[in-house]
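**Student:** As a plain string of letters, each chain reads:
Number of protein chains: 2
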Amino acid sequence: MTGWEEIRDEVLRRIRARLWVPGATIPTEEALAQEWGVARATVNRALRELAGEGVLERRRKVGTRVTLHPVRKATLDIPVTRREIEARGQRYGYRLLAQAEAEPPPAVALRLGLPPGGRLLRLECLHFADGRPVLLEDRWLNPEVVPVLPDFHRISANEWLVAHVPWTTGDIAFSAANATAAEARLLDLAEGAALFIVERTTWESDCPVTWVRLAHAPGYRMHTLL
Amino acid sequence: MTGWEEIRDEVLRRIRARLWVPGATIPTEEALAQEWGVARATVNRALRELAGEGVLERRRKVGTRVTLHPVRKATLDIPVTRREIEARGQRYGYRLLAQAEAEPPPAVALRLGLPPGGRLLRLECLHFADGRPVLLEDRWLNPEVVPVLPDFHRISANEWLVAHVPWTTGDIAFSAANATAAEARLLDLAEGAALFIVERTTWESDCPVTWVRLAHAPGYRMHTLL
DNA sequence: GAGTGGTCTAGACCACATA
DNA sequence: ATGTGGTCTAGACCACTCC
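Protein sequence lines, in the order shown, are assigned to chains A and B. Position 86 of the first sequence, counted from 1, bears residue number 85 in numbering that gives the first Met the number 0, the numbering being contiguous throughout. Position 204 of the second sequence, counted from 1, bears residue number 203 in numbering that gives the first Met the number 0, the numbering being contiguous throughout.
Everything labelled a hint here was simulated from the structure, so no lab data went into it. Note that beta-carbon positions come from the ideal geometry of N, C-alpha and C, so glycine has one too. The reader is advised that the hints may include incorrect statements.
25 angstroms max Cα-Cα, derived SDA-like pairs, lysine to any residue [said to hold, decoys possible]:
1) K60/A <-> W3/B
2) K72/A <-> M221/B
3) K72/A <-> P78/B
Partner residues aside, some chain B positions facing chain A, computed with beta carbon under 7 angstroms [as the list claims (entries may be wrong)]:
4) R15
5) A172
6) F195
7) R220
8) H222
9) T223
Can you make the complete structure from the sequences, with help from the hints?
**Tutor:** Structure follows, in structure tokens:
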């Protein structure tokens, strides 16, 4: 019992063995440090890790408890589409369908926190895997963060943004939707096919950057370990 | 510049200000500790945090770099269905549709790593929000981990498992699917409606526990901050 | 061999929540 | 007022990896 990882594993073992049951408080850092003959900081590191994973709940003065109603946290890796497709061993393709300045629908302006009536750059693109269309992208871009327009026929907006405006914040939502007639035509599907929808809003320190809706063709799965 | 959070924020600021550009190595922990007048451990804590978020890449002897091809990590909170519905201010309801011992389909046995021909406990349940069906659950449960059967009419399998077999590992996948005729009837939808599908496989230290498929009615959104 | 991050220690003080 | 976790320090040694 020398490193914080061993300590973390031992704590997990005791929880799984029900020596420490959900809702019960476990010994203090000080007590555990003495029991295992390590510094308190080492115990702290292990317990902090487990608290971050949702296994433990820690409160000053109260102590450390095994979480009673665990909320499982799944961490998703969200790569750039091209890398995601290439990681599956498929050939990536990309086509810009439309690029125009336009007034965004109210819902999009609202998400970005922009006043109605402004104009944004709209991009519509199709992504291919081994030549088959698999992803339809509908993007609205704030022209203020794109002073010099790249050629979006050659590089996808997402890749350009990742390289030029990295380390943004934002939010992301997942849902399902039936393909409209237009979507079905572009993705070569039957109308009404179930699409996996990803919506992302992106900011760079209080400045709205982009809103995008990604419609994945059937067969797409987002997978992760718990 | 006294705490590790301030240091983390300053590092982020320099990256966003492009003082440190993606791909470039930043100064060593030692140098930053001297610059800011703190202990190296404090700088380490801040940089370790950012490396965990994917902002930095750290390698011994090489140094710390700003990530060139960032993979965004989204952390999803996956609560128990009842709590998720109640958190939206809706009334939760639950009905057990079927409970029987049966041989699972090969795909399910495969996921759980069980030999074909074994028998599992199958549960089919419907979850309601304000009286409307919103979620259809199809679950296969390893009877070995459920020696004493609770009354699944009263408590959902998920809640029972969370309370009695917490801190499992597993994996989870998200996709979209069109409602079959049977699913549409149970969820009170038109056939073919786009369902948001969550599939989970759960283990408790090498012992398969359960496989479950959750079919969410249209309107369901899974949301998180980036 | 040498430079970098990874970790541990022993001690200290602080922040916070409860009593 | 007190007990708990949260953090910081100064120093040390180790692990990895490039040269």
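**Student:** Does A172/B hold up as a contact with chain A if the rule is Cβ-Cβ below 7 angstroms?
**Tutor:** Holds, about 4 angstroms.
**Student:** May I ask you to test the interface hint for R220/B with respect to chain A, counting a Cβ-Cβ separation under 7 angstroms as satisfied?
**Tutor:** Holds. Min distance 5 angstroms.
**Student:** Report holds or violated for the interface hint on H222/B, using the least CB-CB distance to chain A and a cut-off of 7 angstroms.
**Tutor:** holds (4 angstroms)
**Student:** Is the hint on F195/B kept, meaning its closest Cβ partner in chain A is under 7 angstroms away?
**Tutor:** Hint holds; F195/B Cβ to chain A Cβ min 4 angstroms, cut 7 angstroms.
**Student:** Does T223/B pass the interface check with chain A, least Cβ-Cβ distance below 7 angstroms?
**Tutor:** Holds - the Cβ of T223/B comes within 7 angstroms of chain A, reaching about 6 angstroms at its closest.
**Student:** Closer than 7 angstroms between Cβ atoms is the bar; does R15/B clear it against chain A? Give me holds or violated.
**Tutor:** Nearest chain A Cβ about 6 angstroms off; hint holds.
**Student:** Need the status of pair K72/A, M221/B: alpha-carbon distance at most 25 angstroms?
**Tutor:** The hint holds at about 13 angstroms.
**Student:** Can the restraint linking K60/A and W3/B be considered satisfied, given a maximum Cα separation of 25 angstroms?
**Tutor:** Within the cut-off at roughly 23 angstroms; holds.
**Student:** Is the hinted pair K72/A and P78/B satisfied, with a Cα-Cα distance of at most 25 angstroms?
**Tutor:** Distance of about 9 angstroms is within 25 angstroms: holds.
Violation of the numbered hints given earlier is absent; every hint is satisfied by the structure.
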